[in-house]
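**Q** Going line by line, the protein sequences match chains A and B. In terms of the working numbering, the first sequence is residues 1 to 358. In terms of the working numbering, the second sequence is residues 1 to 268.
None of these hints come from the bench; they were simulated from the model. Misleading hints may appear alongside valid ones.
Unchecked claim - So, partial list: chain B residues that the calculated Cβ filter (under 10 Å) puts toward chain A: (1) 80; (2) 113; (3) 157.
Every residue gets a Cβ at the ideal spot worked out from N, C-alpha and C, and that includes glycine.
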Amino acid sequence: MTFPNTVAAAVPAVPPAQTRKRGTLSRLGQTFAMFRNGKSIAGLSILGVFVLIAIFGDWIAPYGPLDKDFTALRQPPSWVHWLGTTHMGEDVLSQIIYGTRGVLVVGFTAGVIATIIAVAIGVTAGYVTGWRSESLSALTNVFLVIPGLPLIIIIASQYENPSLLLISSVLAITGWAWGGRVLRAQTMSLRNRDFIQAARANGEPLYRIIAVEMLPNLTAIIASSFVGTVIAAVLGLTTLAFIGVIPITNLNWGTILFWAQQNGAFPDFWWWYVPAGLCIALLGMALSLINFGIDEYVNPRLRSAGERARAMRKKGFKLSDTATAVRPRPAAAGTSGPGTSSDPGTSSDPGVTNAGIK
Amino acid sequence: MTTLEFKNVSKKYRVRGSGELLALDKVSFTLTSGQTIALVGQSGSGKSTIAKILTQLERVSSGEVLLDGTPIPTWGRPLRRYRQSVRMVFQDPFASLNPAHTIRHHIERPLRLDKVVPADQVEEEVFRLLNRVRLSPEQTIDRRPHELSGGQRQRVAIARALASRPALLIADEPVSMLDVSIRLEVLNLLAELQREANLGVLYITHDLATARHFSDEIMVLHHGTVVERGKADDVILRPQHPYTRALRDASPDPEKHFAVPTTPGATS
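Please build the complete structure, drawing on both the sequences and the hints.
**A** Right, here's the structure in full:
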């Protein structure tokens with residue numbers, strides 16, 4: 001090489017085959033890096049179970065949700081009805097299983113709609129300046145202070161039989177503002193960064209600056225605002241169903257609570273209302289855990305000390321493919337642990353090693 | 001031969017609450033391809049404002065900027081064509097590359113945007129550009145900025161600036177954020193590329209030593225006005241303006257460094 005002092009020479013030689021592999025797969029890994037921590041994984045697992053229940057509800061549920069068995073009214077849990085029955089002899093477990101679908105569909109539809117609104121308004125408000133930014137910000141603030149639930153009640157009560165999409169849209173319209181506000185703040189801080197200025201100086205069109213240069217840097221915040229809206233929508237939906245604004249034909253956990261309340265289940269017939277309440281809490285917890293995980297990814301300072309050390313070690317391993325080439329790990333010099341056991345020369349029992357030294 | 005001319009350019013910033021700030025006051029100079037001018041001045045003297053005007057991230061308040069005799073277009077395709085011939089290397093290589101994208105994306109974009117080469121030759125051209133800035137294309141092209149060192153990143157930024165084959169290059173303190181040990185390397189690379197492509201370079205810095213090393217002429221900016229301009233050696237060795245003198249005396253002199261300090265007792 002003619003330039004021995006160049007940077008290229010300083011990079012340790014890596015076989016080209018290895019660099020070729022870093023394609024779409026590593027890019028995908030980068031995109032989902034925010035979900036690769038204990039809290040997010042726990043949350044996603046719980047959520048995954050609910051999603052499976054929602055998809056395969058028809059096969060899992062032992063009875064139809066409205067099948068009436070008049071020989072078993074208000075029965076406590078038994079082997080026939082795992083979670084007991086209602087006053088009409090309906091199986092509570094089946095109702096919970098069928099209700100999962102209603103909750104998740106509305107929750108996620110509302111989340112998607114709200115996120116689209118939040119990104120469109122928040123990012124635009126952050127990127128433009130002057131009166132345009134101020135007016136979009138004012139709009140966000142108005143929606144932020146609108147009391148959501150009363151508005152939903154008013155809108156929903158205008159319709160005889162509101163569709164799921166309508167309910168989701170109403171929940172979305174009242175729920176996007178918080179995400180929009182956070183996105184606006186983050187975009188404002190991004191827009192003055194050098195790499196955005198560089199893209200502008202290169203003559204990138206506005207839509208590409210926002211969609212290609214900015215949005216990838218906002219994914220974590222968009223994901224977190226999506227999850228937050230889903231939580232709000234789930235709680236909103238169950239609340240509406242519980243107070244009876246949404247017709248009973250839409251089966252969800254809130255409807256179960258509504259019927260339980262209407263028919264004097266509190267407090268004696270606990271199997272009727274406790275499972276639905278627990279499911280709401282569990283789903284909320286799962287979504288919150290995902291959000292905590294994303295927050296920690298965005299702001300590593302939120303991690304506890306142990307997690308931080310583990311994350312560092314994880315990172316150390318990733319970087320070590322170049323580091324070890326220069327400085328091989330000392331082969332079990334003073335350390336005991338996995339390093340010693342892998343070495344066939346030394347005993348895996350530290351006690352024996354100590355005896356040998358003595 | 002491309003000539004860029006600043007003619008009585010002034011720039012006012014509106015400051016909320018306290019009226020206006022005059023960042024540039026009737027600045028005039030010309031920069032032609034093949035020539036290197038160092039723009040020296042302390043923080044707030046208006047150096048970066050000149051860079052922003054040249055890249056059209058800011059507009060002039062009065063006066064005009066001419067490229068080969070025609071004023072800079074302010075929008076649309078003519079502006080893009082102007083931007084193709086005037087490119088900038090930013091100060092901070094840790095901030096000027098998008099953390100979400102690979103090196104390939106950074107160098108490919110200007111190539112595709114300005115259609116410098118046909119679409120099927122883009123990859124080849126990216127490899128060529130990375131080789132030109134002495135980066136190994138195989139090892140860097142699919143990496144993200146955070147996987148590279150500061151010096152490597154600044155090389156990527158230089159390759160990006162050169163991608164559209166500009167006639168003029170603005171280097172806004174290109175080495176001030178880099179490790180001292182690699183500053184000279186990057187500066188030499190810039191100088192070499194400048195000679196190769198016959199670039200006109202506006203080297204913005206507050207470091208008089210590298211300004212003298214790197215450029216033909218030095219222009220001293222103070223409170224938004226050019227107080228002195230001349231051949232690099234003349235400005236450093238025989239400064240005319242008191243501010244230039246102060247600036248020169250403020251920078252450490254290796255010869256004075258080891259001189260025995262004169263104490264009252266030592267003199268006889």
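**Q** Using the nearest Cβ pair, does residue 157 of chain B come within less than 10 Å of chain A?
**A** With a closest approach of 8 Å, the residue 157 of chain B hint holds.
**Q** Using the nearest Cβ pair, does residue 113 of chain B come within less than 10 Å of chain A?
**A** Holds - the Cβ of residue 113 of chain B comes within 10 Å of chain A, reaching about 6 Å at its closest.
**Q** Was the hint right that residue 80 of chain B lines chain A, CB cutoff 10 Å?
**A** holds (4 Å)
When each numbered hint is compared with the structure, no violation occurs for any of them.
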